[in-house]
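Protein chains in written order, with the UniProt record's numbering: chain A, 1 to 402; chain B, 1 to 402.
It is worth saying that the hints were derived from the structure and are not from the lab. C-beta: ideal position from N, C-alpha, C; glycine also. Any given hint might turn out to be false.
[What the hints assert, rightly or not] Reference listing, derived: stretches of chain B covered by chain A, where coverage requires no fewer than 3 residues with Cβ under 8 Å from a Cβ of chain A:
id: 1; region: 69-79
id: 2; region: 253-262
id: 3; region: 265-279
id: 4; region: 315-328
id: 5; region: 381-395
Here is what each chain is made of, one letter per residue.
There are 2 protein chains.
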Amino acid sequence: MDEVAIVGVGVYPFGKHLDDTYGKMTSGACKKAIEDANMDGKEVQMAWYGTSAGVGAGYLALGAIGASGIPLTRVENACSGGSCAIRDAYFAIRAGACDIALAMGVEKMHGSTMGKVMGVDTMAEIEKGGPSGEEEDVKAEGKKGIKGMGGITMPGAFAAIANMHMSLYGTTREQLAMVAVKSHKNAAKNPYAQYQKEMTLDEVLNSKMIDDPLTIYQCSPFSDGAAAVILANEKIAKKYTDTPVYIAASAQASGVSTDPEYTSTIIGEAKFPPTLQCIKEATRQAKCEVKDINVFEVHDCFTPAEILHYEDLGLCKKGDGGKFIEDGISEIDGKYPVNPSGGLLSVGHPLGATGVRQAADIVWQLRGERGKLQVEGAEIGLTHTMGWPAMGVVEAMHIFRR
Amino acid sequence: MDEVAIVGVGVYPFGKHLDDTYGKMTSGACKKAIEDANMDGKEVQMAWYGTSAGVGAGYLALGAIGASGIPLTRVENACSGGSCAIRDAYFAIRAGACDIALAMGVEKMHGSTMGKVMGVDTMAEIEKGGPSGEEEDVKAEGKKGIKGMGGITMPGAFAAIANMHMSLYGTTREQLAMVAVKSHKNAAKNPYAQYQKEMTLDEVLNSKMIDDPLTIYQCSPFSDGAAAVILANEKIAKKYTDTPVYIAASAQASGVSTDPEYTSTIIGEAKFPPTLQCIKEATRQAKCEVKDINVFEVHDCFTPAEILHYEDLGLCKKGDGGKFIEDGISEIDGKYPVNPSGGLLSVGHPLGATGVRQAADIVWQLRGERGKLQVEGAEIGLTHTMGWPAMGVVEAMHIFRR
Numbered sequence: 001m002d003e004v005a006i007v008g009v010g011v012y013p014f015g016k017h018l019d020d021t022y023g024k025m026t027s028g029a030c031k032k033a034i035e036d037a038n039m040d041g042k043e044v045q046m047a048w049y050g051t052s053a054g055v056g057a058g059y060l061a062l063g064a065i066g067a068s069g070i071p072l073t074r075v076e077n078a079c080s081g082g083s084c085a086i087r088d089a090y091f092a093i094r095a096g097a098c099d100i101a102l103a104m105g106v107e108k109m110h111g112s113t114m115g116k117v118m119g120v121d122t123m124a125e126i127e128k129g130g131p132s133g134e135e136e137d138v139k140a141e142g143k144k145g146i147k148g149m150g151g152i153t154m155p156g157a158f159a160a161i162a163n164m165h166m167s168l169y170g171t172t173r174e175q176l177a178m179v180a181v182k183s184h185k186n187a188a189k190n191p192y193a194q195y196q197k198e199m200t201l202d203e204v205l206n207s208k209m210i211d212d213p214l215t216i217y218q219c220s221p222f223s224d225g226a227a228a229v230i231l232a233n234e235k236i237a238k239k240y241t242d243t244p245v246y247i248a249a250s251a252q253a254s255g256v257s258t259d260p261e262y263t264s265t266i267i268g269e270a271k272f273p274p275t276l277q278c279i280k281e282a283t284r285q286a287k288c289e290v291k292d293i294n295v296f297e298v299h300d301c302f303t304p305a306e307i308l309h310y311e312d313l314g315l316c317k318k319g320d321g322g323k324f325i326e327d328g329i330s331e332i333d334g335k336y337p338v339n340p341s342g343g344l345l346s347v348g349h350p351l352g353a354t355g356v357r358q359a360a361d362i363v364w365q366l367r368g369e370r371g372k373l374q375v376e377g378a379e380i381g382l383t384h385t386m387g388w389p390a391m392g393v394v395e396a397m398h399i400f401r402r
Numbered sequence: 001m002d003e004v005a006i007v008g009v010g011v012y013p014f015g016k017h018l019d020d021t022y023g024k025m026t027s028g029a030c031k032k033a034i035e036d037a038n039m040d041g042k043e044v045q046m047a048w049y050g051t052s053a054g055v056g057a058g059y060l061a062l063g064a065i066g067a068s069g070i071p072l073t074r075v076e077n078a079c080s081g082g083s084c085a086i087r088d089a090y091f092a093i094r095a096g097a098c099d100i101a102l103a104m105g106v107e108k109m110h111g112s113t114m115g116k117v118m119g120v121d122t123m124a125e126i127e128k129g130g131p132s133g134e135e136e137d138v139k140a141e142g143k144k145g146i147k148g149m150g151g152i153t154m155p156g157a158f159a160a161i162a163n164m165h166m167s168l169y170g171t172t173r174e175q176l177a178m179v180a181v182k183s184h185k186n187a188a189k190n191p192y193a194q195y196q197k198e199m200t201l202d203e204v205l206n207s208k209m210i211d212d213p214l215t216i217y218q219c220s221p222f223s224d225g226a227a228a229v230i231l232a233n234e235k236i237a238k239k240y241t242d243t244p245v246y247i248a249a250s251a252q253a254s255g256v257s258t259d260p261e262y263t264s265t266i267i268g269e270a271k272f273p274p275t276l277q278c279i280k281e282a283t284r285q286a287k288c289e290v291k292d293i294n295v296f297e298v299h300d301c302f303t304p305a306e307i308l309h310y311e312d313l314g315l316c317k318k319g320d321g322g323k324f325i326e327d328g329i330s331e332i333d334g335k336y337p338v339n340p341s342g343g344l345l346s347v348g349h350p351l352g353a354t355g356v357r358q359a360a361d362i363v364w365q366l367r368g369e370r371g372k373l374q375v376e377g378a379e380i381g382l383t384h385t386m387g388w389p390a391m392g393v394v395e396a397m398h399i400f401r402r
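Starting from the given sequences, assemble the full structure and let the hints guide the process.
Shown next, in the form of structure tokens:
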């Protein structure tokens, strides 16, 4: 079976883009990816795009790069949609159906019908930030947040998980907040990030309380943006780039939130079963151990999520996530750099775009092109997204290698 | 590369199911497919589901068959969503990522938020049929229909295509209406169909005018329903069934409706470029010619669509589609049986479910299990869907063989 490499990436910077359409952002990311791959858009043979609400954006993007007519499929898997688009494109090349495929992700959460499409009537209430784009204005507001599993809000769910983690393992408010401090420190050097400014621990802790213990800076924001990656069969990858980045693993797992046992594992044990399944499967496929992975982009939708991911990925023992961030192990120069980009908390989180943006970030890292955010000598990297579509949880994970 | 076979199919009968949820219908179809494959639901390794609005339905279905936890991705490609779900599942098995995959399709158009999700404010106006379920009550109403390409309605677009075909080739109102007569004749013997009654040519012609020349019985209805198929690697297929049906080809093509040249081909020449691309690619993959195919389930969303498909598939010369239906060539006992099930016009058209329902129909045909609708000796069959997501047209085609 042939290997698959990523030969081009492009990101339309995340932010509050009131005047940018889904089509414009997706097209912008695709043009960059095509240029990055030194490719003519007509060479793309198949495409997938991940988005929760951007119906049709992918068609416009194909038109923009001159690839109109090829097979195109929209993938929707909540916040994992972009990762799943990459996965379907990867399968198509592995299956021999094509040699070059495009995976895109896009979302427009400001001033769009996103809220209506997700069936979340409260969404309109959340977005009252006005045009400033200031972080305080646009982040989710407590109990009015997106309704996820079992009708509880996303901030509410992660606050419950945080409280359980604090109760079971003695994790502190300060440790949770440190995830946001690290995020902002990294994003301050990331031109693609929605919030490019550092923040102190006190600022994070003393910001507006959303759902105890989560303050506003510990919640990922509303974001607009897009990303695209071009996948190619290994046999032709070097025609387009001197530094192909290979997909060493593609794993995915889900859970049904109507299953009481499943839900009680998440909230009651502060643990995500799909993460455990994904990392086991991904390392099996990549024939490596977690300790071999040099850089991670994970789904830090809220600060406790990143703490849980440290543990569920096996970077530390269950319960040691708080100490892990406190000890600086996930810093860019730490043993296990996690979210050197700044992650969802500061880069932003345009749902369908996130998984593709993560892949672009890891590709840049493995090429050694990440500048001030570069993890020295990174050879293996991992991406991880977590979506909460109605009635389920779905996670997708990829391992990439130089 | 291993072949892929369908080893189980299930259809939740199409109709007006006001009290049935997306989850109930999807679960019902999946349970039938699992039973048909003599399989334990836990054996399913990956799943895709096609739906325009049924977010989450697939997760509930996995729970219902005991497959909770496996990778699951929602595919949305308007009326081609179900076919594209089959395609992604097919690629995953071909890629060696799994041996058994489930593809589902579902839609609930009555009493649901479908209209809102599609961004079609007029949808609520269309659906004013009341609980009778009578065909007159629930079919699309003229200019109030679903907005598709360039803001024109779907009935409007197909009326324009019909008029162009009549102008270019002398196709008659009677010939168009004959497609609906054949559809109803076949569906009258199909227990899965929404409308199981025959209809005379006069009844079709004299029914309410929607958009000249299309009367109401020449438009596919609002429908609720679901379908599921189970795909397996050929190496294990015979463990589950004595009559595996192999996927000999999977083709897909699209078009961007913002491209004036593309749009003018459809309306101005009464021809669908993606159909031409798909049949060329599908017959190449299946190593057969169109004349070798024994049974067809095609996308007859409106009567002129089926006329165009005859021609674009190459069953007759361009312009001869009217004579083709008049001569009975597409009847069950004709040379090229098209839509023996009754097709979208009478079986119904729950968007995401249609492509999967077509696959189930072809599987039954190739197994010789279609009873009064059986095409004698059918060995090769074809399915074809056409979706009009915002800004694009997308078609998907599969060829199956015994």
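- [ ] Please count how many residues of the region 69-79 of chain B have a CB within 8 Å of a CB from chain A and say whether that reaches 3.
- [x] holds (count 9)
Task: Coverage of the region 253-262 of chain B by chain A (three or more Cβ within 8 Å) - done: holds (count 8)
Task: Check of the region 315-328 of chain B against chain A for coverage (Cβ-Cβ below 8 Å, three residues minimum) - done: With 0 residues in contact (Cβ-Cβ under 8 Å with chain A), the coverage given for the region 315-328 of chain B is violated.
- [ ] State whether the coverage of the region 265-279 of chain B by chain A holds or is violated, taking the criterion as 3 or more residues with Cβ-Cβ distances under 8 Å.
- [x] This one holds; 3 residues, not fewer than the three required, reach chain A with a Cβ under 8 Å.
- [ ] Closer than 8 Å, Cβ to Cβ, for at least three residues: run that test on the region 381-395 of chain B against chain A and report holds or violated.
- [x] It holds, with 5 qualifying residues against the three required.
Violated hint: 4 only; the structure is consistent with all others.
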